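Q: Spelled out, the chains give:
Protein chains: 2
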Amino acid sequence: MKSTVTELDVKGKEAKAASKNLAFLDTETKNKALLNIADALMSRHEEILAANKLDYKEAEASGMNAAMLDRLRLSASRLEGIAKDVRTVAALPDPVGEIIEERILPNSLQLIKKRVPLGVIGAIYESRPNVTVDIAVLCLKAGNAVILRGGKETLRSNMALAKVIQEAAYKAGIPQGAIQLIESTDRALVNHMLKMKEVIDLLIPRGGAGLIKFITENAAMPVVAGGIGVCHTYVDKDADLKKAVDIVYNAKVQRPTVCNALDTILVHTSIAERFLPIIAQELAKAGVEMHCDKRSLAILKPIPSLKLVPANEADWGKEFLALIAAIKVVDSLDEALEHIERYGSGHSEAIITENKIAASRFLNEADAACVYANASTRFTDGSQFGLGAEIGISTQKFHARGPMALREITTYKWIIIGNGQVRP
Amino acid sequence: MKSTVTELDVKGKEAKAASKNLAFLDTETKNKALLNIADALMSRHEEILAANKLDYKEAEASGMNAAMLDRLRLSASRLEGIAKDVRTVAALPDPVGEIIEERILPNSLQLIKKRVPLGVIGAIYESRPNVTVDIAVLCLKAGNAVILRGGKETLRSNMALAKVIQEAAYKAGIPQGAIQLIESTDRALVNHMLKMKEVIDLLIPRGGAGLIKFITENAAMPVVAGGIGVCHTYVDKDADLKKAVDIVYNAKVQRPTVCNALDTILVHTSIAERFLPIIAQELAKAGVEMHCDKRSLAILKPIPSLKLVPANEADWGKEFLALIAAIKVVDSLDEALEHIERYGSGHSEAIITENKIAASRFLNEADAACVYANASTRFTDGSQFGLGAEIGISTQKFHARGPMALREITTYKWIIIGNGQVRP
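Protein chains in written order, with the working numbering: chain F, 1 to 424; chain Z, 1 to 424.
These are calculated hints, taken from the structure and not from any lab test. Fair warning: this is a prediction, and the values are worked out from it, not measured in the lab. Do not rely on the hints blindly, as some may be mistaken.
Identical chains blur together in the list; that is why a pair holds if it fits in one copy or across any two.
Heads up, simulated EDC-like pairs for lysine to aspartate or glutamate below, C-alpha to C-alpha not over 16 Å straight-line [what the hints assert, rightly or not]: (1) Lys-20 x Glu-338; (2) Lys-318 x Glu-289; (3) Lys-113 x Glu-335; (4) Lys-237 x Glu-47; (5) Lys-197 x Glu-217; (6) Lys-16 x Glu-80; (7) Lys-113 x Asp-26; (8) Lys-32 x Glu-338; (9) Lys-195 x Glu-217; (10) Lys-114 x Glu-102; (11) Lys-32 x Glu-289; (12) Lys-114 x Glu-365; (13) Lys-13 x Glu-58; (14) Lys-213 x Glu-198; (15) Lys-113 x Glu-365; (16) Lys-57 x Asp-39; (17) Lys-20 x Asp-367; (18) Lys-114 x Asp-367; (19) Lys-113 x Asp-381; (20) Lys-16 x Glu-365; (21) Lys-318 x Glu-335; (22) Lys-152 x Glu-335; (23) Lys-213 x Glu-335; (24) Lys-20 x Asp-334; (25) Lys-152 x Glu-126.
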């Protein structure tokens with residue numbers, strides 16, 4: 001059950017060797033493997049759930065909180081959901097082989113820019129065991145081998161899931177070794193993984209800010225960092241207040257523990273006295289605690305039954321991942337943009353306004369992966385965007401930005417077909 | 001004339017501030033600035049050439065070799081060529097604002113994937129002063145501010161060029177501070193630049209293997225590494241020998257000092273005895289020294305007047321940048337592919353064959369930015385590919401691969417326009 005550095009090197013070699021064949025595998029075989037995986041997740045649910053039960057009991061005994069325990073837990077119906085997602089990926093177009101550009105040069109050279117897999121993708125993630133399946137399946141579909149390293153709380157679940165996935169995939173013709181799981185929680189193996197740049201073409205960390213920071217700073221290979229969302233919604237002076245209330249409420253309350261949930265409400269001073277009392281009472285009904293700047297506090301203080309806390313500097317730029325919202329009154333769109341520039345994480349930012357010029361300025365100038373006018377930031381999601389799936393959300397500008405799906409884990413090559421051409 | 005770390009931080013702040021405005025500058029203004037720069041390079045050639053003359057004299061006195069001296073030297077006609085290249089970039093389509101994807105989601109949200117500048121680009125390069133102009137102009141056109149750090153041999157030339165470019169650009173409406181040159185050769189400033197990840201969104205190193213390696217390993221921000229080309233041409237058993245001779249000769253001799261020039265010839269054993277004597281005599285006429293494996297040496301030894309050297313392990317995977325070619329006889333396409341896999345740098349690889357299956361296998365399986373059938377690897381170049389220009393050639397798989405032009409120094413953002421949508 002323990003993996004060593006040597007074993008990890010072997011896994012790396014196997015993954016790299018498998019990736020060479022996987023890159024040329026036909027779409028049909030890959031899809032068949034994915035459907036096999038979906039079936040196996042259902043038919044072998046007992047062994048998966050048994051492993052998950054052991055993880056759950058251990059986590060419970062260690063005092064894990066209810067929300068985390070719930071994230072860890074698998075059930076027959078959750079497995080059904082995961083299997084359904086696998087079928088969705090099987091139905092997506094194969095990104096590999098896509099002709100991105102093609103032209104005939106004046107000297108008759110045929111130039112083709114063609115999408116190809118990256119090679120081997122490493123994933124280091126925490127908690128939810130469904131991530132094991134999601135990432136493995138997206139990597140396979142895009143022709144990449146994968147080396148997975150999940151959280152220690154879900155090691156048994158991940159091992160059971162990986163076993164089911166591997167057997168189902170290899171039986172359907174996926175090259176042996178294409179799916180690797182590090183069967184150990186030894187941190188030394190993570191450190192070793194970060195140095196395996198000859199093997200791993202791209203590393204995807206998913207988890208808390210600490211994990212992301214550690215990996216970004218220490219990985220020798222390219223990393224797509226993301227998942228940290230300090231999301232602002234700016235309610236402009238020309239906002240439709242009904243829309244503003246609905247959107248802010250949804251962005252904060254619908255699922256507060258995820259990266260695209262609202263953290264800070266910025267309100268234009270000219271509508272703050274009308275808007276804040278309405279939204280604050282709505283948010284209070286959902287149990288939201290509000291961390292208010294001086295001006296918003298002055299407006300909200302007279303209203304009974306609100307959970308108000310005076311905001312301090314640490315509230316700005318904080319990803320709450322909980323039923324907490326920071327509130328600040330601003331004097332202008334410019335001040336809102338400056339606040340976002342300073343405290344945003346480049347994830348998702350929204351403006352609520354009926355003013356087209358203000359909307360256009362915000363959409364252009366807010367420097368984030370996803371910028372919204374009159375909609376909830378909760379839509380930042382590969383499935384919601386119609387990409388069919390999501391391997392993560394990038395908050396960097398390099399390679400991929402925002403929701404990452406199949407195309408975002410590929411690269412391209414230039415193919416040049418000639419008939420004896422030489423450069424004059 | 002000396003810059004300090006503090007001054008570099010100021011330049012960084014200025015560049016970042018300028019990039020915010022530059023990102024929204026209209027195409028017309030940017031093009032006007034580029035044409036202004038082209039004109040100024042011509043009208044102010046005297047001050048540029050005077051500065052270059054000082055660099056040249058100092059380099060000459062220090063014992064720089066003739067090839068390097070020639071790379072360093074500017075002349076009125078070379079400036080004319082540089083100005084012409086600037087006009088070419090002005091005529092290229094503006095990548096900024098390009099709609100990469102657009103769709104209406106089932107809930108009526110309008111989703112737009114739009115190309116935007118990266119922000120601030122850093123460039124660290126050696127030798128040729130025209131790189132100062134090339135990079136500055138490509139960055140401006142793509143809406144990016146730029147921080148340039150050229151080689152110490154061309155400091156005076158770069159300072160003169162930067163002054164001319166800055167004045168011409170700012171007069172035409174480019175935001176002040178968008179073009180920054182580090183006016184010092186202090187290595188401490190390079191080290192500091194590598195840490196400025198809050199300011200520099202992408203770092204482009206151009207130069208020798210040592211520089212590239214140092215920057216890749218030490219930069220805190222994303223780097224597009226490239227420029228190291230260990231290029232193979234594989235002459236297959238089904239090669240048209242006339243084409244093979246023309247292409248190999250061109251790839252090795254036409255400009256041996258550049259990254260897309262041929263380094264190693266791989267020859268299928270079944271045609272080695274016919275092909276090698278012909279190409280070797282042609283290459284010998286051009287003064288090419290041949291580092292031969294045992295089998296090719298046995299074939300070529302009887303021929304008089306060839307510069308033959310027995311190859312050693314260090315010859316495989318070596319970028320010669322000179323009139324030297326390594327030669328190896330292989331037993332199969334597979335052996336050629338294995339050799340390339342082991343020793344290639346992921347830059348440009350070619351097969352010469354009339355056999356479509358062999359060509360197709362090579363084009364698919366050789367893992368490089370550019371793969372050729374029946375053409376010279378010398379075509380790996382932004383201008384040759386019809387991209388209009390080139391800021392470098394990436395040999396990595398991440399973000400951009402092969403010749404990088406305007407699009408490759410941009411990113412994108414997702415713009416979502418709603419009418420009150422919330423996530424159910």
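Q: So which of the earlier hints does this model not fit?
A: Those not satisfied are hints 3, 4, 6, 7, 8, 11, 13, 16, 21, 22 and 23.
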